[in-house]
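One-letter residues, chain by chain:
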Amino acid sequence: MQDTKRSLIATGGVLAVIAATVLGASLRNRMEIGPGIAVGGSITLDGLVTSTSGIPGAAENADVPISESTYFYQLTLLLEKEFVDPIEDDQALAIGAVRGMVNSLADSNSAFLKPEQMAAMKERRNGTFQGIGVEVKLQFDEAELRKLQNQSIGSAGADSDANFDPVLLIPTVVVTTVVPGSPAEIAGILVGDRIMRVNGKWALSSEEVAMIRDLRGQFDAGKITAEQLQRTTNDFREKFESNISPARVADEVLIGKDGDIDLEWRRPDARDYKATLTKRVSELRALRKSGDSVRLRFFTGTPDILRDTKLPKETLLLDLRQSTSGDYEAMRECLEILAPKGEYGTIRREQAGAPRKLTVKDGTDQPRKIRLIVDGSTQGAAAIFAMALVSAGVAQVESGELSTDLPWIEVFDLTDGSGYTLRTGTFFPKEATK
Amino acid sequence: MKIALKLGLFLFVVSLAFSMGFVWRDVRLGVSPSKQAFQRLLAGKIDDGVTPTQLFRDNYNVILSQFHRPIDQTNLRTSGMEGLFASLGDPHTVFMERQEAENFSIETRGNYAGIGARLGPDPLGAQVSTVFENGPAFKAGLKPGDVVTRVDKTDIAGMSIDETVNFVRGKENSKVTLRVLREGEPQPLRITITRAVVIVPTAEGTMIEGTSVGYITVSQFAETTVAQFDEALREVLRNDPDGIVIDMRGNPGGLLETAVAMLSNFVDGKPVVSMLQKGGRREQSATYRGRTIGYTGPIVVLIDESSASASEIFAGVMRDYKKATLVGVHSYGKASVQTVILLKDLNQAKVTVARYYLPSGENISRVVDEDGMYVSGGIKPHFVVELDRNVVWEPGKPEKDAQLAAAINLIKQKRGD
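If you're matching them up, the sequences are chains X and S in order. Mapping of the first sequence onto the working numbering: position 292 corresponds to residue 292, and the numbering continues sequentially without gaps. Take any residue in the second sequence, count from 1 to its spot, add 434: that is its number in the working numbering.
Possibly wrong hints are sitting among the right ones.
[As the list claims (entries may be wrong)] Below 30 Å or equal to it, Euclidean Cα-Cα: the simulated DSBU-like pairs (lysine-lysine) are:
| no. | chain 1 | residue 1 | chain 2 | residue 2 |
| --- | --- | --- | --- | --- |
| 1 | X | LYS201 | X | LYS114 |
| 2 | S | LYS814 | X | LYS201 |
| 3 | S | LYS440 | X | LYS5 |
| 4 | X | LYS274 | X | LYS122 |
| 5 | X | LYS361 | X | LYS289 |
| 6 | S | LYS577 | X | LYS223 |
| 7 | S | LYS834 | X | LYS201 |
| 8 | X | LYS81 | S | LYS757 |
[Unchecked claim] Simulated restraints, written as ranges between beta carbons of each label pair:
| no. | chain 1 | residue 1 | chain 2 | residue 2 | range |
| --- | --- | --- | --- | --- | --- |
| 9 | X | TYR273 | S | GLN718 | 33 to 39 Å |
| 10 | S | HIS816 | X | ARG280 | 38 to 44 Å |
| 11 | X | ASP413 | S | LYS577 | 51 to 57 Å |
| 12 | S | GLY714 | X | TYR273 | 54 to 60 Å |
| 13 | X | ASP214 | S | GLN718 | 40 to 46 Å |
| 14 | S | LYS577 | X | ALA270 | 51 to 57 Å |
| 15 | X | GLU343 | S | SER499 | 34 to 40 Å |
| 16 | S | GLU567 | X | ASP214 | 34 to 40 Å |
| 17 | S | PHE446 | X | ASP413 | 55 to 61 Å |
| 18 | X | ASP413 | S | ASP460 | 25 to 31 Å |
[Claimed, not checked] Going by beta-carbon spacing under 8 Å, a handful of chain X positions derived as facing chain S:
| no. | residue |
| --- | --- |
| 19 | THR21 |
| 20 | ALA25 |
| 21 | LEU27 |
| 22 | GLN91 |
| 23 | ILE95 |
| 24 | LYS257 |
| 25 | THR415 |
| 26 | ARG423 |
Treat the hints as calculated values from the structure; they're not laboratory data. Just so you know, even glycine gets a beta-carbon here, dropped at the ideal spot from N, CA and C.
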């Protein structure tokens, strides 16, 4: 009797110890990988690594579905185990992966931002500009972009493979805002100018690659000589060897509060300019009133300022020029302040999912007549703001043309201060909603 | 009292078991138990999305579900894994897709053959940097400086050299047709080459015309290179040279043993490199004793950005023991060993598992930024000399090779002419 009791206790004790061990291991796994995928003994290195080193395993292994979390987790294990240096910051691994994913989207409005880039971007959204006092946009060749998009959905199959050319996907860096009084303005940089060269390094572009190809075509057709081809190729080789990626070009002009920068830029009429600029902080005001006209930019603090500003009662002339990377939330709030209650359009994705509505919940009960001044530098949040008001019949365009490129862009933060912008939809004005 | 003690002991054992389970992951990895993990456990933060995997998964889901266009999941995942590997800042630790892995398996089965030429980057495709004497490309008339723009039916502009090489290589005795631009030729040439398993002379010695300077080119470090290098050295020494130029440009490296044996001609029984493995294990190799040739004249080693691995070690050791002057541009900066791990989905992971250090202790590893652009690393030459871009480079001819010309001048100066 006593023995039975004792052995029962012993068994219970052993079971408890085993259970504790398993619980510990599974808690840890849950902590490392997170819930929602199978957790347990199956998550080991040999879940992903082939048993024989050298020759790949049997082909039937090839299509074993492995969830992306497991896949990622196993690769981090593999690197921790094999990579020569200790991995000090394992979060950097995940952030690197996010960077890889965002960059693979090849989208002008979706970009990974390092901590200093993110900080500078947030400052810009509050009207404080570092660097030379500009906003820039990485502009891709639209036709090539479409080919890539077709390819990545896999709808066009092998055909698009043959046509798509990765080289032609190098974006150009185009100035979209110049802050008044900034080093850029003083140097004469205009909206629409393209940054060609920074501190002696060339921003390689798809245009040049295409140009070289055309030249080769002419050579093949016997229109130019080998010497001419060689000469141009040599010029090009210099650019090829001393170049700077478009993302770095953007960094150079957007980040930094002091120091000199040598710039060369090209106007749309193909004229080239160059100058040495000294970086410093320039401020752009959220709201500037002059007579009946109000120049508005959608910074984080704009709604508060707008509420406190005495606006003309009858007619409001809103100047939305030079407003490219406004804050979308601030823009929504400004709609609340200036527009009457109602629906102003939808934000849609090119994939499944209901469109989101852009609505003004309460709105103003004393709507004014609003007239807008816009131009090519009215982009992003400002362009959507203008289009929303005009399509709802709340505002009229006084001068300029409304942009039809209406991306909805959101910002996502990561743990180390870096983050990314992601184009999550396209704005469709009211008429199109029907 | 006794029961309380027993209970206490029992609880202790249970919590010990729990901790064992909790750190089992670390034990399996051979790392010390994670303090952070315990802290998070005690703070009750288990699902707060801060572990690398949670962070990755959350953002993967955001991008996949919120991006305005549909995205191919496999592409997104692959890009994520490439980014994961790139975050280590080591250009040799890379995640590679299935297709490249398949090529690797072809190589390991040994039935691949080449054309006997080395290619370098060019905006129009790939430039031929070396044509191995008596190899298939040599016989077909391919020349250094030729720019290959097309391989069979594939336009190679914009491709990396690795990708291009995949098209150039194939089964033994099969044919490959290259479209080639050659200076002075009005029309692009079509050159058809029969692939063969290429055995190339890897070290050759000669005297530079009109001088008494010996010139030894080493194109790679194969097993056979030791004997060929010794022969080249003998050949040059027979002419009682004023100095010797050893050309390591374009040499991608090879076997470390070969470099050690070659260095033994100049350096007597001294450390060459130490190899630092994961976990701090260190292995050292040294040159042989009593094998030096006792040459006391000036030696110049030429390097460029394609000199990698064993060739950098050769140049670096010669520099560290003050046996040679280095001329050219900084070398590539490959001082590490990689393992290729095949994954079950046939993708592959190439991972750096050890690093070499020169006798001076210098780490020459190439550092690149997130865009893959060179930041630092490689061996710095004593005298930086760039090639003249306006002259078509012909290695071995001083008038068409500014780096060699500089080397010869240096030797003449040292001789006091």
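Here is what the structure says about each hint:
no.: 1; hint: X/LYS201 <-> X/LYS114; in the structure: 21 Å, holds
no.: 2; hint: S/LYS814 <-> X/LYS201; in the structure: 22 Å, holds
no.: 3; hint: S/LYS440 <-> X/LYS5; in the structure: 15 Å, holds
no.: 4; hint: X/LYS274 <-> X/LYS122; in the structure: 29 Å, holds
no.: 5; hint: X/LYS361 <-> X/LYS289; in the structure: 27 Å, holds
no.: 6; hint: S/LYS577 <-> X/LYS223; in the structure: 25 Å, holds
no.: 7; hint: S/LYS834 <-> X/LYS201; in the structure: 27 Å, holds
no.: 8; hint: X/LYS81 <-> S/LYS757; in the structure: 39 Å, violated
no.: 9; hint: X/TYR273 <-> S/GLN718: 33 to 39 Å; in the structure: 57 Å, violated
no.: 10; hint: S/HIS816 <-> X/ARG280: 38 to 44 Å; in the structure: 41 Å, holds
no.: 11; hint: X/ASP413 <-> S/LYS577: 51 to 57 Å; in the structure: 56 Å, holds
no.: 12; hint: S/GLY714 <-> X/TYR273: 54 to 60 Å; in the structure: 55 Å, holds
no.: 13; hint: X/ASP214 <-> S/GLN718: 40 to 46 Å; in the structure: 56 Å, violated
no.: 14; hint: S/LYS577 <-> X/ALA270: 51 to 57 Å; in the structure: 38 Å, violated
no.: 15; hint: X/GLU343 <-> S/SER499: 34 to 40 Å; in the structure: 24 Å, violated
no.: 16; hint: S/GLU567 <-> X/ASP214: 34 to 40 Å; in the structure: 37 Å, holds
no.: 17; hint: S/PHE446 <-> X/ASP413: 55 to 61 Å; in the structure: 43 Å, violated
no.: 18; hint: X/ASP413 <-> S/ASP460: 25 to 31 Å; in the structure: 30 Å, holds
no.: 19; hint: THR21; in the structure: 4 Å, holds
no.: 20; hint: ALA25; in the structure: 4 Å, holds
no.: 21; hint: LEU27; in the structure: 6 Å, holds
no.: 22; hint: GLN91; in the structure: 6 Å, holds
no.: 23; hint: ILE95; in the structure: 7 Å, holds
no.: 24; hint: LYS257; in the structure: 22 Å, violated
no.: 25; hint: THR415; in the structure: 6 Å, holds
no.: 26; hint: ARG423; in the structure: 5 Å, holds
Checked against the numbered hints listed earlier, the structure breaks hints 8, 9, 13, 14, 15, 17 and 24; every other hint is satisfied.
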